[in-house]
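Visitor: Protein chains in written order, with the numbering used here: chain A, 1 to 533; chain B, 534 to 725.
Simulated from the structure, these hints should not be mistaken for lab results. It cannot be assumed that every hint is accurate.
With a Cα cut of at most 30 Å, we get these calculated DSS-like pairs of lysine-lysine [what the hints assert, rightly or not]:
{"#": "1", "chain 1": "B", "residue 1": "Lys535", "chain 2": "A", "residue 2": "Lys2"}
{"#": "2", "chain 1": "A", "residue 1": "Lys2", "chain 2": "B", "residue 2": "Lys725"}
{"#": "3", "chain 1": "A", "residue 1": "Lys201", "chain 2": "A", "residue 2": "Lys183"}
Quick look at which bits of chain B chain A covers, simulated, 3 or more residues with Cβ under 8 Å [as the list claims (entries may be wrong)]:
{"#": "4", "segment": "593 to 605"}
{"#": "5", "segment": "609 to 621"}
{"#": "6", "segment": "639 to 651"}
{"#": "7", "segment": "718 to 724"}
Note that the Cβ used here is the ideal one computed from N, Cα and C, for glycine as well.
The residues making up each chain are set out below.
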Amino acid sequence: MKRLLLGDEAIALGAIHAGLSGVYAYPGTPSTEITEFIQADPLARQRGIHSRWCSNEKTAMEAALGMSYAGKRALVCMKHVGMNVCADAFVNSAITGVHGGLVVLAADDPSMHSSQNEQDSRFYAKFAMVPAMEPSSQQEAYDMMAAAFELSETLREPVVMRVVTRLAHSRAAVEITEPMNEKPLDVCTERWVLLPGIARKRYDSLIEKQPLMEQAAAQSPYNRRETGAAGSKLGIVACGIAYNYVKEAIGEGGNILKVSQYPLPADEIRRLADENEAILVAEDGQPVVEEQIRGILGAGYPLKGRLTGHLPRTGELTPDNVAQALGVSTAPTFPSAQHVAARPPQLCQGCGHRDVYTALNQVLASYPDYRIFGDIGCYTLGALPPFKALASCVDMGASITMAKGAADAGLFPSVAVIGDSTFTHSGMTGLLDAVNDRSNITVVISDNLTTGMTGGQDSAGTHKLEAICLGLGVEPEHVRTVVPLPKNMPEITRILKEEIDYPGVSVIIPRRECIQTAARHAREARKQKEENK
Amino acid sequence: MKKDIILCGVGGQGILSIATVIGEAATRNGLCLKQAEVHGMSQRGGDVQSHLRLSTDEIWSDLIPHASADLVISMEPMESLRYLAWLSANGTVVTSSKPFVNIPDYPDAELLEGELAALPSVVSLDIEQIARDLSSPRSANMVLLGMAAPYIGILQIEQLRDAIITVFSRKGQAVVDANLKAFDAGVAAASK
Numbered sequence: 001m002k003r004l005l006l007g008d009e010a011i012a013l014g015a016i017h018a019g020l021s022g023v024y025a026y027p028g029t030p031s032t033e034i035t036e037f038i039q040a041d042p043l044a045r046q047r048g049i050h051s052r053w054c055s056n057e058k059t060a061m062e063a064a065l066g067m068s069y070a071g072k073r074a075l076v077c078m079k080h081v082g083m084n085v086c087a088d089a090f091v092n093s094a095i096t097g098v099h100g101g102l103v104v105l106a107a108d109d110p111s112m113h114s115s116q117n118e119q120d121s122r123f124y125a126k127f128a129m130v131p132a133m134e135p136s137s138q139q140e141a142y143d144m145m146a147a148a149f150e151l152s153e154t155l156r157e158p159v160v161m162r163v164v165t166r167l168a169h170s171r172a173a174v175e176i177t178e179p180m181n182e183k184p185l186d187v188c189t190e191r192w193v194l195l196p197g198i199a200r201k202r203y204d205s206l207i208e209k210q211p212l213m214e215q216a217a218a219q220s221p222y223n224r225r226e227t228g229a230a231g232s233k234l235g236i237v238a239c240g241i242a243y244n245y246v247k248e249a250i251g252e253g254g255n256i257l258k259v260s261q262y263p264l265p266a267d268e269i270r271r272l273a274d275e276n277e278a279i280l281v282a283e284d285g286q287p288v289v290e291e292q293i294r295g296i297l298g299a300g301y302p303l304k305g306r307l308t309g310h311l312p313r314t315g316e317l318t319p320d321n322v323a324q325a326l327g328v329s330t331a332p333t334f335p336s337a338q339h340v341a342a343r344p345p346q347l348c349q350g351c352g353h354r355d356v357y358t359a360l361n362q363v364l365a366s367y368p369d370y371r372i373f374g375d376i377g378c379y380t381l382g383a384l385p386p387f388k389a390l391a392s393c394v395d396m397g398a399s400i401t402m403a404k405g406a407a408d409a410g411l412f413p414s415v416a417v418i419g420d421s422t423f424t425h426s427g428m429t430g431l432l433d434a435v436n437d438r439s440n441i442t443v444v445i446s447d448n449l450t451t452g453m454t455g456g457q458d459s460a461g462t463h464k465l466e467a468i469c470l471g472l473g474v475e476p477e478h479v480r481t482v483v484p485l486p487k488n489m490p491e492i493t494r495i496l497k498e499e500i501d502y503p504g505v506s507v508i509i510p511r512r513e514c515i516q517t518a519a520r521h522a523r524e525a526r527k528q529k530e531e532n533k
Numbered sequence: 534m535k536k537d538i539i540l541c542g543v544g545g546q547g548i549l550s551i552a553t554v555i556g557e558a559a560t561r562n563g564l565c566l567k568q569a570e571v572h573g574m575s576q577r578g579g580d581v582q583s584h585l586r587l588s589t590d591e592i593w594s595d596l597i598p599h600a601s602a603d604l605v606i607s608m609e610p611m612e613s614l615r616y617l618a619w620l621s622a623n624g625t626v627v628t629s630s631k632p633f634v635n636i637p638d639y640p641d642a643e644l645l646e647g648e649l650a651a652l653p654s655v656v657s658l659d660i661e662q663i664a665r666d667l668s669s670p671r672s673a674n675m676v677l678l679g680m681a682a683p684y685i686g687i688l689q690i691e692q693l694r695d696a697i698i699t700v701f702s703r704k705g706q707a708v709v710d711a712n713l714k715a716f717d718a719g720v721a722a723a724s725k
């Protein structure tokens, strides 16, 4: 039976059909749809598969590790920078090992369509010394989930599954199979206590497993050689989605080594090198494989890729730049249009964040040296015209902590703008630092009661923000709540000025539901009413 | 046989619904399909695009190569010009003629019309007016699909109509009927 599925949906359904018991994730483009699919899937609901959004990728990774410890299959999903957040748990899960299968899904974003960088999650798998899989198609993404869980349980190690935006958010027909049952509760009897004495033994065990991982990759049905036209002496290593672009360009004509499972099969690389006069490495993201192959073959072998300029060093692969590297490109027929202007995303008309920035800009205009440190969410768009309010946006939660550090150095006023979901993701610990150090910062938690930028998912701290701030020790008189509407400008600007002038930690919480989620809730309520009639 | 189609417009204009209908028709009629889209910008007024590839054979790249798009179907005139690098020499641009101005430096409508007129094959109509005339302002995207239908080639108009029924059935008969009317109006308008 075939279903039309996004890459993300294929991963989700593949996991459910592989007997998944829990998906742990924080929203992040382009991975968000995986958890949303599982939350809505009838079989997942029937089985009670755990799928509630987590506060951040670290709590997600750890919860998944706990489920694995108890013998069941768990999936962790995140965008590439989410790997940075869960790195501690992830790297050490390779030392503890796993019990029930554990798959870590990293959705990378070459070209940074909606991210701060284009880091390559395959480095993380290599860093932790665990296997990785990189599907070339939606069908492979579905099929590989069962294979990944099985490999994880055979090796007793987590397995990384790596996709990119262009696979995650592309739809194709997928042949689906019968679902497997979940695994029963079977609590691990090993001690996953990483005291040095125990950790050293477990680390030795991880090292001993490396040849087994290499063997699994060498024998993997997802890595395969294709021999093409007799005349061609160019070997092509095509990783993950790059395989599609190579096939688009040259069809059946190529000497291709398709790589979709790691560690990189070194013997296959050497064989390809021996049978050809040069190798082109086509990989989406960073030159992970290219650097490794340089190490396997040495500096003398003609190797082409991102590091040599045959493919662009930055940005995603496209059918065009791959065709060009293969010498078969077609130039555009028409020149680019002259009168097309950029149309960047904007805050919705009527969004509460607009009122927050209007108020901030108005009040701070009277202070010569202010800076507003921003964070990650819809409100990051406040950096663009018409508000142009932000001095920084670096990583989740950095608004508060950068504001603190700059205030420590003497900056005044030092203001942070953070969303409600980002605040519970990683703003709370920064606020605690500021409270303990009595820093002179003004924190604005712009609460739209949702995780907005990624499509309106639940926010972990909804209805708890004031209590959290008080619990962290912010003085009650300096936790102020307002409703960000144009008619409330006089009140909001007065409160902002008071709190900026207060030489300590202030938290202002402008709260108004995101207009998109509000509209969705209204639609759902209307539908419910219709059905109840 | 293949058909590569770029769908484009501004977030919120219903572009992805067009892709869904074509996709449903293609799948129902045994064609291979790949459809790549951008998420996130749809609610925030930015430009959106989808690469939709239909074929009787296996499709490799999810993205359409340059100079390969047989059709650019656009809900907005300036957006229709953003993808000229992908338009094939024999390709057609089917677009709404009404600008959606949500940026301060939107170009003069005449300049856009001039650039469109210079292309070998263009169909440009005020789909929103057509939809309003039918009292279904929210079905402008189906008018556009109707306009594009004769150029899709690899699918018949009847197959697209059936797909509209399937895709919108869960929203009730009234919505299905409104969308079919809009689609038919688009087909009629394009044939003039």
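Visitor: If a hint holds in the structure, say so; if it doesn't, say that too.
Guide: Hints, verified against the model:
no., hint, verdict
1, B:Lys535 x A:Lys2, "21 Å, holds"
2, A:Lys2 x B:Lys725, "39 Å, violated"
3, A:Lys201 x A:Lys183, "28 Å, holds"
4, 593 to 605, "holds (count 9)"
5, 609 to 621, "holds (count 9)"
6, 639 to 651, "holds (count 6)"
7, 718 to 724, "violated (count 0)"
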